[in-house]
Amino acid sequence: MASSYEKEIREAGKDKKVELAKKIDLSMMKYLWMANPLSRARKHSIPKFLRNVELLKNFSDNELRILAKYMHNRKFAEGEIVFREGEVGIGFYFIYSGIIELSHDDLGTEISNEKFLILEEFGYFGELALLQEGNQRTATALARNKCELVGIFKPDLDNLIVRHPVIAAKLIQSISIALADRLYFLTNEASKMHKRIKQLEARHDSQQS
Amino acid sequence: MILSNRKNITKIQLVFFVVVIALFCSLVLALPRISIPLSLAYILSLALTPIVESLMSLKLTKTQAIVLIFTVLAVLIGLPMFKLIPLLSAESQNFHNVIPRIESYIIQQFQFIREFVKLRTGHEIGDAYVYQGLEELQNWSASFVVRIPNYLANIMEWIFLVPFFTFFIIRDSESFKRTLLSFTPNVIFERFYYVIHVFNRQLGNYFFAKFVEAVIVGGIITIGLLLLDIKYAVILGFIAGLTNIVPYVGPFLGVIPAIVLGMLEYGMTSPTMGAVVTLYAIANVVDIFFVFPFLVSKIVNLHPMIVAVSVIVGSHYMGITGMVISIPVVAAIKLIITEIYNEIYTERSR
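Top to bottom, those sequences are chains H and Y.
Take the first sequence: its letter number 136 is residue 136 in the working numbering, and every next letter is one higher.
Counting the second sequence from 1 gives a position; the working numbering is that position plus 1000.
It is worth saying that the hints were derived from the structure and are not from the lab.
Since the model is a prediction, treat every value here as computed from it, not as a measurement.
Heads up, the beta-carbon is just placed ideally off N, CA and C, and yes, glycines get one too.
Any given hint could be a false lead.
Said to hold, decoys possible - With a cut-off of at most 27 Å between alpha-carbon atoms, the simulated DSS-like pairs for lysine-lysine come out as follows:
#1 Lys-69(H) <-> Lys-1062(Y)
#2 Lys-170(H) <-> Lys-1334(Y)
#3 Lys-30(H) <-> Lys-57(H)
#4 Lys-1334(Y) <-> Lys-1177(Y)
#5 Lys-115(H) <-> Lys-1007(Y)
#6 Lys-75(H) <-> Lys-1011(Y)
#7 Lys-170(H) <-> Lys-48(H)
#8 Lys-75(H) <-> Lys-146(H)
To be verified - Distance windows between CB atoms, simulated:
#9 Glu-120(H) <-> Arg-1171(Y): 32 to 42 Å
#10 Tyr-1345(Y) <-> Asn-58(H): 38 to 48 Å
#11 Val-1277(Y) <-> Ala-169(H): 20 to 30 Å
#12 Leu-186(H) <-> Ile-1312(Y): 53 to 63 Å
#13 Glu-148(H) <-> Leu-1014(Y): 13 to 23 Å
Take these sequences, add in the hints, and give me the full structure.
Encoded structure:
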């Protein structure tokens, strides 16, 4: 919106200055309208955003609209930490805009951060906190640039279970499916590593003797 | 320049947030004239919100549900009040007669006891204390009559304010919470949200349980009084249920109107009087042994000394309302302190 306003100023400056007055009104109003956090456009944008999230593909549009009412918009500046590893967490975040880095802190020092995951728009993180009691975060999440996150927290889930049990059940089902996939993957990895370690041990023993 | 540093921004956000909250709390809670009706309204809203939610599940809108509940409550409370007010005004005219009657009764009983003790032990009890006590009683009743207009003005204010506040608290607490959360700084957002949620839920569970308890006690007493065919049974039952909510002194407060009424109408030693007292005793026993333990999962885990101290402190700052809300508030504060303690003292991999 801002760019169209500037383009119009440039063009108006070349031609007639009389037309400028009318044009300023419309695009200026549009810009101010869109920038208002409480505007209807804003309210409609979160369900549209949720429609594009892979995790929530089982939800109908109306259910997404109701779910959006229970979510919170949080803004983070560049370099701001969303949560640290080890903190008690209660929130599950979707990335509305921006880039989030997940990393493990090396014990004690913050310098050697192993970044193991970089998430972009429509990504999600922190789902364990929604389900587990007293969950401690397993990684640190850092906003690499100016981020806007859409979060749902344990109190919201409690309210959702009372007011709209169907939507709450679908949400918990979607998160559980994602976690089940991850668990399956990790179990496979663990058994592969277990076999590999057995192989290495056997080789080591045969080399020693 | 000050705002450019990341750490400074966080600190300033926090300070701003704390200042706004402190300002709000001090303005509202420092004045008992607002804080008492506001607390009563908050308690009522906690007790009524589950009912509103179950009505909403029947496809009523929120406003419709609240209006329905208020109408029902107005009818339930208004009808006894209509009967009560003429009665009260008639009785307060009789008040001047009541005190001398009580006085002569007490003196009579005291002489009785004196003779009894003299007969048994040959010891004479001095009667200075009794007459002093009666004089105190006279002074107190005189000043009480003078202060009645004050009480009435307070009550009129509350009768308007409390339903007004309750309506808006029930209707708008969600949007209020959203607004509060929207300007909470990111650093403390999750913890703050969690603590507020648990605080609200604990308070809500406690008061809902108390509400159920009051209804049970009030119901037992009303039915008993109706069976004994005593006048104003419904009103007495209602008062008994209401006063049961106050810890420790509540049941005793509830018995007082019944005793006064019984004494005036039926005489102190009639069997009706004894029946009324027994009824109250039974209701309270049922309350203590059956209702309390079943609701004990909703009632908090505090040391008895802390409970007693908090009730006294509450009574000092906000009178009867303070006594009622002091227990859940202290329980919630204990929860917050435990959270903060865990936060500060837990070993974490940093």
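Taking the hints in turn, this is what the structure says about them:
no.: 1; hint: Lys-69(H) <-> Lys-1062(Y); result: 16 Å, holds
no.: 2; hint: Lys-170(H) <-> Lys-1334(Y); result: 35 Å, violated
no.: 3; hint: Lys-30(H) <-> Lys-57(H); result: 32 Å, violated
no.: 4; hint: Lys-1334(Y) <-> Lys-1177(Y); result: 22 Å, holds
no.: 5; hint: Lys-115(H) <-> Lys-1007(Y); result: 23 Å, holds
no.: 6; hint: Lys-75(H) <-> Lys-1011(Y); result: 17 Å, holds
no.: 7; hint: Lys-170(H) <-> Lys-48(H); result: 18 Å, holds
no.: 8; hint: Lys-75(H) <-> Lys-146(H); result: 8 Å, holds
no.: 9; hint: Glu-120(H) <-> Arg-1171(Y): 32 to 42 Å; result: 40 Å, holds
no.: 10; hint: Tyr-1345(Y) <-> Asn-58(H): 38 to 48 Å; result: 42 Å, holds
no.: 11; hint: Val-1277(Y) <-> Ala-169(H): 20 to 30 Å; result: 54 Å, violated
no.: 12; hint: Leu-186(H) <-> Ile-1312(Y): 53 to 63 Å; result: 56 Å, holds
no.: 13; hint: Glu-148(H) <-> Leu-1014(Y): 13 to 23 Å; result: 21 Å, holds
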